[in-house]
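Quick note, the sequences are listed as chains A and B, same order. Residue numbering for the first sequence follows numbering that gives the first Met the number 0, starting at 0 and increasing by one per position. Residue numbering for the second sequence follows numbering that gives the first Met the number 0, starting at 0 and increasing by one per position.
Just so you know, the hints here were simulated from the structure itself, not pulled from any lab data. Ideal Cβ positions, reconstructed from N, Cα and C, are used throughout, including at glycine. Watch out, some of these pointers could steer you wrong.
Claimed, not checked - No more than 30 Å apart at the CA atoms, straight line, and that leaves these computed lysine-lysine pairs for DSSO-like:
| # | chain 1 | residue 1 | chain 2 | residue 2 |
| --- | --- | --- | --- | --- |
| 1 | A | LYS361 | B | LYS329 |
| 2 | B | LYS329 | A | LYS160 |
| 3 | A | LYS423 | B | LYS343 |
| 4 | B | LYS136 | A | LYS160 |
| 5 | B | LYS329 | A | LYS423 |
| 6 | A | LYS361 | B | LYS136 |
Said to hold, decoys possible - Where chain B lies over chain A, by a calculated footprint (3+ residues, C-beta under 8 Å):
| # | segment |
| --- | --- |
| 7 | 87–97 |
| 8 | 163–169 |
| 9 | 356–366 |
| 10 | 379–388 |
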Amino acid sequence: MTITTDEPRKDRSRRLDVTRAGGQLITDYWEDLFTAREQGKQIVWYNGGALNPIFQAAGLAWCHGEAFSARLAAQQLEGPAQLAGAEYGYQAELCSYSRTHLGCSVLTMGADDGTESGIVGMHDQEVLAAKLPKPDFFVNNYAGCSTGQQWDGVSFRIFGKQLPIFNVSHPYLWGNKPDAGYLVGEEWEAASTYVAEQLRELIAWLETQTGRPFDWDLLSESMHYIKRAAELRREGLELTKARPAPATFWDWIASVAPINFLPGDQQLVDYFQDVRDEIQGRIDQGISAVEDEKYRLYFDGIMNWNKLGFLSRKFAEHGAAVLAGRYIQNAFWQEPQLIDPDDPIKGMAQHYLLCPTNHGAKTIDYLTLRDCEAYDIDGIVFHSTRTCRAFTGPQRLLAKSAQDKLGIPSIFFEGDVADASFYKEEILESRLVAMLESIDMKRARAS
Amino acid sequence: MASSALEELRGAARDHRSYIARWRAEHPGALVLGVMPMNYPRELAHAAGVLPVIVPDDLEPVTEGRGLIPEFYCGYTRNLADQAATGRLGQYDAILLADHCIQLLGATDVGRVLEPQREVFLGMLATSLSDSWADAKVRETLQQHRREIERITGTTIQEEALRSSIRAFNADRALLRGLLDARAAGSTSYSPVELVDLVASAQVMDPLDHLPLLREVIGERSEQASERDDRVRVHISGHLCHAPRRELLEAIEESGATVVDDDIYTGRRYAQTDVDESLPPLEALGHWYAQRNVNLPCPTRVQQEVDWDGWLLEAIERSGAEVVVHLMPKFCEPHMLYYPELRKALDAAGIPQLLIETEHEGIPLESFRTRIEALVERALRMRPAYA
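Next comes chain A alone, as it looks inside the complex (with noise of 0.2 Å):
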């Protein structure tokens, strides 16, 4: 029998405290979003990129699906929604993310008297540990994914194509033109006005199912707070390019669900104040993210959820301090200067298309070149994420690039977002080790 997830032997990481109060402020997010149906509240469920503002300034209650699949995933409580979607004929490569929350959805429409009260079934709660209220609406924002749009369509015919539906499209930025490039060319503004008249067109819309006018007051308040947090959030990233690393891949990665889902408010921003003070504090004292760093690694990939405090210690046993990636560095309001909280709807529109999915692979591979060499990057480890064709397809090409241009080596580890059997760790030990020692012989060469 291969046991594919020993614990490292000594725990050589130290994680940032201050995310332990994140923790609590996503868990109090959920209760509070579990009860919404006994506050009266009509209850949005979506997918793709951070529309809560909106949803906020609408006095919505808001369900990201990606994200209650991830935190299922990462309390390991996956595998009921996973089994009720297997058995209502989802393939095991599908999506992990679609698959769990399809699977919630079937889980809700089986549950016999769920209808009454709103929860998610009743009869399965005990092993899902989740008691998700259902949608009055579906609204989907997918950027990149080329089927994040039709999970949401298949999520409204699972619920009897019976809820109204609101669809964002997103061009996605092939960057067709030569004047195209991250942030900048014709293909992009272009993109931007089409998404932000969709947004006006989804505000509209949003009236007219809640009946009330929107808030747009609320909004600006609402993109004002979430505007400072995304600054906090880039001073601090700004502050982990420090040797040794202050703060971690790891560290970002939980503090993804606060950037990404929870009201945008004064706690938003007390929170990604106290990230970013810990790290200084941590500079100041001199205290490392890793004992002993003698590694600086990038990692791509969507997050493997089921392994978040597994792989930080993993990668800290072999001294490796994992400190930048896509999925961190290039998401999540990652351009804050872009939102004029007075008129944010363009800003909004352009954060959602900046998905790091939906660029073709030149973008991609300027960012991933820009942000190793920002970083001091030594080596890359691409988390081939079985099911997200969407993150993976240009990591061959990237791994090439990173090696050709920067001389920096690569190694691809299997997992996946939300589906634990993916996992393989004697592929990513082995080839880490392999990756860490090739380190080794070129800094020997060096010297």
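Add chain B to chain A, keeping to what the hints say.
Showing chain B alone in chain A's frame:
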């Protein structure tokens, strides 16, 4: 014995490179554009005097491309990446895309990185078709495509040329559709392999070359009309973007079944919808794109008011199919997402079904044959005793 016209069409379907080479020889200086499936309006490019070829996979095993794209991309896109990596896309002067499939874009990006001198243009046709602004966005995208084709070819597309190309493609599709309709109504004049070859050749060839040959084939075959016998009637469903392996279709018929209808891309899905010749050409192409998903719903599109499962049940009613064989290219995400809806609807209607995952290479044919035979047996047991 196959006629020379049928042989020529089969040749183009199975060896598109030889056809392209001949076409180039006959049209010196004219461009050949590779267009990616499944919704590119080839009429636009054809009207500019070029040969727009829907890039097919080939039978070469995936070698170099394997290192450039994830192994969990579909066989078609892995083959495309391999074509790019080994210079087999060299026959195309430019590549055009209108469909947002992340695997297709990933494979195309491999070609773009390896051969940057070849232009690649993506004008993404709106996927969400229920939106009130979808029509306008589609028209805008088609205008972009028109401008790009004019720029690439250095030719201004004339309205009359576009109308002429629309008529040519319509005539070709109508003939193919007639064959598919006749099969659904009871004719067995063409085997499923022959029909796939006829459609696949249409996806590669200039309709001005394809149409006369197709007419010739139909003329010859009309004298040998044959009708269904009591074999189990099969509807083949799925297989987007590229043709299923012919031996798989043969295995179905060798198992005591007869294919009576399909919704595959190298079948009815390609030929189902014509462009309205009474409308201004660009507007008509926009309508054609939207109508394709109504006439035969596609899991790659999002449109709340149409259902592939509902269409399938109606198609089964029309053709009298007794079973459905789902042909799903492994890792095809839209198909994986929608498949349970098909399964549910067919189960509710009491229609036996079988899911077969296909791959670019290494198809376990004997295993498939056993499963198909079991499906046929099940269908036979379900027949009324007095029949």
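Straight-line alpha-carbon gap LYS329/B to LYS160/A, limit 30 Å: With Cα atoms ~28 Å apart, LYS329/B and LYS160/A stay inside 30 Å; holds.
Hinted pair LYS329/B and LYS423/A, Cα distance within 30 Å: Within the cut-off at roughly 21 Å; holds.
Assertion that chain B covers the segment 163–169 of chain A - criterion: three or more residues, beta-carbon distance below 8 Å: holds (count 3)
Verdict on chain B covering the segment 356–366 of chain A, where coverage means 3 or more residues with a C-beta closer than 8 Å: As far as the segment 356–366 of chain A goes, the hint holds, because 4 residues have Cβ atoms under 8 Å from chain B.
Pairwise hint evaluation, LYS136/B against LYS361/A, where the allowed Cα distance is 30 Å at most: It holds: about 26 Å lies between the C-alpha atoms, which stays within 30 Å.
Given hint LYS329/B paired with LYS361/A - CA-CA distance at most 30 Å: holds (28 Å)
Pairwise hint evaluation, LYS343/B against LYS423/A, where the allowed Cα distance is 30 Å at most: Outside the cut-off at roughly 34 Å; violated.
Per-stretch coverage check for the segment 379–388 of chain A, three Cβ contacts closer than 8 Å to chain B: This one holds; 4 residues, not fewer than the three required, reach chain B with a Cβ under 8 Å.
Proximity test - 8 Å, beta-carbon atoms, the segment 87–97 of chain A to chain B, at least three hits: holds (count 8)
Satisfaction of hint between LYS160/A and LYS136/B, Cα-Cα up to 30 Å: Within the cut-off at roughly 25 Å; holds.
The structure shown violates just one earlier hint, number 3.
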